[in-house]
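Colleague: In the order they appear, the protein sequences are chains E and W.
19 is the number that UniProt numbering gives to position 19 of the first sequence; each next residue is one higher, with no gaps.
252 is the number that UniProt numbering gives to position 252 of the second sequence; each next residue is one higher, with no gaps.
Hints in this document: simulated from the structure, not taken from any laboratory.
Please read all numbers here as calculations on a predicted model, not as lab measurements.
All clues stand as given, with none of them false.
All copies of an identical chain are treated as equivalent in the list; a pair is satisfied when it fits inside any one copy or across any two copies.
In silico DSSO-like cross-links for lysine-lysine, where the CA-CA straight-line distance does not exceed 27 Å:
1. LYS59 <-> LYS276
2. LYS11 <-> LYS72
3. LYS59 <-> LYS35
4. LYS72 <-> LYS35
Protein chains: 2
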Amino acid sequence: MKFNKTLDKIKTYEAGKPIELVVREFGIEPDQVVKLASNENPLGTSPKVAEAIRANADKAHLYPDDSMFELKASLSRRFGVPEESLIIGAGSDQILEFISRAKLNEESSVLMSRVTFAMYSIYALQQGARILRTEDYRHRPDEFIPMMQAHRPDVVFLCTPNNPTGDATSREDLFAIIEAADPETLVVVDGAYMEYAAAKDPAYRIDPAEILRYPNAVYLGTFSKAYGLGGMRVGYGIARPEIIQALMKLRPPFNITTLSLAAAIAANEDEAFVQKSLQIHRQELPRYEAYARERGFEYIESYTNFITWLFDEERNSSEIADALLRRGVIVRDLASYGMNALRITIGTPEQNDRLFSAMDEVLG
Amino acid sequence: MKFNKTLDKIKTYEAGKPIELVVREFGIEPDQVVKLASNENPLGTSPKVAEAIRANADKAHLYPDDSMFELKASLSRRFGVPEESLIIGAGSDQILEFISRAKLNEESSVLMSRVTFAMYSIYALQQGARILRTEDYRHRPDEFIPMMQAHRPDVVFLCTPNNPTGDATSREDLFAIIEAADPETLVVVDGAYMEYAAAKDPAYRIDPAEILRYPNAVYLGTFSKAYGLGGMRVGYGIARPEIIQALMKLRPPFNITTLSLAAAIAANEDEAFVQKSLQIHRQELPRYEAYARERGFEYIESYTNFITWLFDEERNSSEIADALLRRGVIVRDLASYGMNALRITIGTPEQNDRLFSAMDEVLG
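This is chain E alone, in the form it adopts within the complex:
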């Protein structure tokens, strides 16, 4: 059977069996596994969120409120943006999908950093668009602006802080890039990890409402990281109503589950949990920097809840990741991004102890 020819260029992603089962084959019980691979909140689920979920557990048969009345009102208050400037997605991922489907076709191009969030190129390829990348993984105006002028991309993706590298783009550089964009170029500012950068350095803090200054930009945020809802798939987009209305045309009904709505509403009001998450992160991140210095390898200064360790040719990130896995510690190898590097979520003190002692064994 024939399918649209854009599909020919896409590989079918074959998810392997759950990593917990792989680890079990090495004789390690699931409760002994330390997972520092997916940037999940090490504090777990906020007790207030867990309570909201339990209180709604017997409402699984009821369709969610598709107007998302209460969540939109809560986000509107938090960010000081009007509700018509908000769209809610099944993770900010889904809003990336809406953006690609709204703006891109086989004549389009998109511009992004050399190493950045993988879904930008995946959704762009689904539309048959051409992918342009800068040389540096950092978002440098002296790379982005000339490429924007030369290629007039339909969408530019700016991931700050950047995933999977952990660096961030300064306010100055970010706004310079946005302001240089053609009015027909949609600039996406993906702030999935923004809470960590904002807490670290005001020069890197983007207030989501600031995006409304631009008629051709959209800000994306998520509940998956600092708010601890990775499993619930709730993200949001903020932009002028003209853009939101176009994206809303592609939003399927009931795209947020009944329990995810309840969880996000509870999480959005639980600022104390976020502050606690940021605090433990601030306390633990320096241990990863110190460990790298002690062991003589580089790292990228982190504005996120993970750190990226860079290895020279004497060490191989894939081998290290595999050796850690056999010790029940799961991290993200960045070999598939063309980097000899590991991305490691900053965990709880105990999880980090486990990581360091496993690393000691592996490095010898």
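Assemble chain W onto chain E, guided by the hints.
Modeller: Relative to the frame of chain E, chain W by itself:
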């Protein structure tokens, strides 16, 4: 800002405020509202599902198992189909979206019944495809087959039982249509309400595994109706691996939430709950048929968990729906489908009592 021109033909759907808030304006408290509009399971959430949700409430921060290992194994056992013939979607809706995006473009056409599930045409329009419809809302081979031969549509949608009408297509008619399809036409058999038809009459029962006889057909099922998970957004598609692999190219990662996966796994093993749902339905449906006969209006024989009441020109479905709403009873008016009709979910005995007494007041 310009967007893809296919968006020009799509209206932005403006979800109103939650109907519970509307009813409150009429002085009715939310716990007094009877909602028979969305075909949610009147028995509520299965206690085993609610227990699974509560047991996983503190795992909201963890990304779901993206291989859906356990749910796929459970569905594979239930239907006797290999796992490579399964795809899981955020509701069967999302699989409809994958199908449209995989098969349709601005040169395509799709064929469906005159009155059928609204998302078929919405997703087709998002791709810019042309919509062809039969004259009858019933799926008649003598309409479908000549239109398939004349137009060679890229996708044919067969909704059995049909929503929002409630009729079903016999096995004989359904397979006649599938077998007449061009090998390049993808035939979608949407069995969202199949459990009700299968329990009512074996001549209307399609076993999902039967779809694997055809290289160009896909069966869709859902946990939203008989399994009581409308709010959790879990559906499935069954087809030959060639089709599944194409659709999987468009599946976003983590499309099922952590709690939805846990809920679906529990629901899939809780056949007793489904049987109880079917039993109460079997007991209550005849009351709706008797009420219509007593009051002198027609109905469509129902193979679903709802019934469609048809009115003649002396009565107006929109006025009746509004009068019921003011009495705290919510039903679905089918005026927007071009029918002077109401679609009413078969509720619990108490809910149905409320509906009948409100109808008595409205009809006088």
